[in-house]
Amino acid sequence: MYKYNDFDAAFVAERNKQFRAQVERRISGALSEDEFKPLRLMNGLYLQLHAYMLRVAVPYGTLNSGQMHQLANIAQRWDKGYGHFTTRQNIQFNWPQLPDVPDILDALAEVEMHAIKTSGNTVRNVTADHLSGAAADELEDPRPYAELIRQWSTDHPEFQFLPRKFKIAVSGSAHDRAVIRAHDIGLRLVEKNGDTGFEVIVGGGLGRTPMIGKILRAFLPKADLLPYIEATISVWNLLGRRDNKYKSRIKITVHEHGIDEISKLVESRFKELRPSFNGADQSLFDHIKPAFAAPAYKQHSTELFEQNYSNDPVFRAWVDTNVTAHQNAEYGIATISLKAHGQTPGDASAEQMHLIADLAKRYGHDEIRISHEQNIVLPHVHKSDLPAVHASLKTAQLATANIGLISDIIACPGMDYCALATARSIPIAQQIATRFDELKLEHDIGELKLKISGCINACGHHHVGHIGILGLDRAGVENYQITLGGDATETAAIGQRTGPGFSADDLLPALERLIAAYLDLRSEPKETFLQTYRRLGATPFKAALYPERAVRANAA
Amino acid sequence: MARSFSPKIVTANALIEGDVIYLSADDTWTRDLQFADVITDEADADVRLISAASQTSVAVGVYLADIEIHPDGLKTKHFREEFRKLGPSNYFHGKQAG
Chain A
1 MYKYNDFDAA FVAERNKQFR AQVERRISGA LSEDEFKPLR LMNGLYLQLH
51 AYMLRVAVPY GTLNSGQMHQ LANIAQRWDK GYGHFTTRQN IQFNWPQLPD
101 VPDILDALAE VEMHAIKTSG NTVRNVTADH LSGAAADELE DPRPYAELIR
151 QWSTDHPEFQ FLPRKFKIAV SGSAHDRAVI RAHDIGLRLV EKNGDTGFEV
201 IVGGGLGRTP MIGKILRAFL PKADLLPYIE ATISVWNLLG RRDNKYKSRI
251 KITVHEHGID EISKLVESRF KELRPSFNGA DQSLFDHIKP AFAAPAYKQH
301 STELFEQNYS NDPVFRAWVD TNVTAHQNAE YGIATISLKA HGQTPGDASA
351 EQMHLIADLA KRYGHDEIRI SHEQNIVLPH VHKSDLPAVH ASLKTAQLAT
401 ANIGLISDII ACPGMDYCAL ATARSIPIAQ QIATRFDELK LEHDIGELKL
451 KISGCINACG HHHVGHIGIL GLDRAGVENY QITLGGDATE TAAIGQRTGP
501 GFSADDLLPA LERLIAAYLD LRSEPKETFL QTYRRLGATP FKAALYPERA
551 VRANAA
Chain B
1 MARSFSPKIV TANALIEGDV IYLSADDTWT RDLQFADVIT DEADADVRLI
51 SAASQTSVAV GVYLADIEIH PDGLKTKHFR EEFRKLGPSN YFHGKQAG
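Chains A and B, in that order, give the protein sequences.
Okay, so the first sequence: first residue is 1 according to my numbering, each after it adds one.
Okay, so the second sequence: first residue is 1 according to my numbering, each after it adds one.
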């Protein structure tokens, strides 16, 4: 894992000292709210519906046990005993008080963490495939490149006042688990003629104008990474619209100018910039890379695993659903579900965080990942330790076997917390998970990505859910629109709206009709919801959602 | 005839705690909606809003919210204000927890 050097530590300490003084000046009245707001946002501090919210960066979703323990300590000491993991691999504390925030930031700095780059019109915290460095299908661990981008972009003088925020995601596998096609820049490590480089995707994004990113460069040599990204952002920095915040993201710039024009401008700017990168970035990368070396895997019999797998059906169900193939055949990647049926998606109590940290230390080579799907991953667990890990998780409501199933819902905080939200997301997610658990149907339904956003900004990624739900305010009543056919992976697609929205009460029965229709329509149990949707189109699913319309159409 | 004006309150978040506050009749702030000053005159609303917004060392994000006057007290008109009054629905936190 990357360790701060003296520069990193001094940088964060200096920033924290500045912010402490800024908070003091705000409280004394020396700074107005208008003056203070951009300063607090630069340090991840938002003001939400009921309280301040501190968003802490988890760079490329990687934590060690000491950091997880410290997050739990912060939740206990300064918050209400829990934290909320987000779709950008960050953690949010929902209840800090303003005078405590400088102390929280100092506590984070003790474990090499901060809240910088989690807000504002700058290059945000870089996200990565949460199975990086462990997945069996990986070409190369993308996190060293994410760390390089983090260091290069933090306080980059040219990019402090961008037209809008800028999000970068990286993946080292052909199978996209990092939603790279819905980012401002998505990077995927690819191989060409024996060399590894990047496929560079630009102009993806969700929000009010969802777009799938386009390929800007099919193969970029690794050594060109920083100058090429710098060229791309600098082109957008000049072209991007500052007259209308809804048209300011790079996706709109690419859409308005066309990918060919953008490509021409980026390549031209890249030619100018490339010589100024004299190799310092590559030496820095050489320094970063060893920190991400694979752990010293142990060699041990996997017999205990096999015995438990044969004899314990609960363990077997958990392994089948939550454990993914590891690069080392004796190891497994264990995903810890933060989606216990009826609980808030992405929330972990301080006790749960402490337990996960202990498990990572004891069984997981001290590594933890946060997924954009709001779960926690132990990336390196020897198979013989999986029974002990599972037994321990069971004691803390963390052993739900539902990864990738209908109750593994992404949900933004919605109007229960968020000042921008137009409707609630959390209770909807709780109801859906509880209902499909009661029906004992979710394993039969199989892979299904259900994603809920409480407003058009789409933090809950509803556009790329196989089933997407968007909460809106319709004449003072919460109303939920359904989209179908979205896909967050390498076959990315934006879901299509089905028709009028549903009231909170009507939504669950509508979803039950939709799922019943899928179970009826699928060609075989292996055909997933998305595959069935792609084979048949929206019509039979719309008929299930709106039976009264189907009746009218037939009568006409 | 004057345009009808629906009753309003002035609300904001507290600078230090960040929680929801309401302007009372004496221009101080209360955390209890029932003690909020109800404004029934449009011109008065503008003045009260400007005055409240000037209290920058106490209140952040000052705005007017619609309110309904019922025999048993004040009721929020929009669900957003109801959530602000109570707290989140997934935990017994915020104002509802007292």
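A hint or two may mislead.
[Stated by the list, open to error] Where chain A lies over chain B, by a calculated footprint (3+ residues, C-beta under 8 Å):
(1) 32 to 38
(2) 42 to 54
(3) 63 to 77
[Said to hold, decoys possible] Here are the simulated BS3-like pairs of lysine-lysine, each with C-alpha atoms no more than 27 Å apart in a straight line:
(4) K165/A to K95/B
(5) K37/A to K95/B
(6) K192/A to K264/A
(7) K298/A to K165/A
(8) K440/A to K394/A
(9) K165/A to K245/A
It is worth saying that the hints were derived from the structure and are not from the lab.
Each residue gets a CB set at the ideal place from its N, CA and C atoms; glycine is no exception.
**Request:** Starting from the hint list further up, note which numbers the structure goes against and sort them upward.
**Result:** Going through the list in order, the structure violates hints 1, 2, 3, 4, 7 and respects the others.
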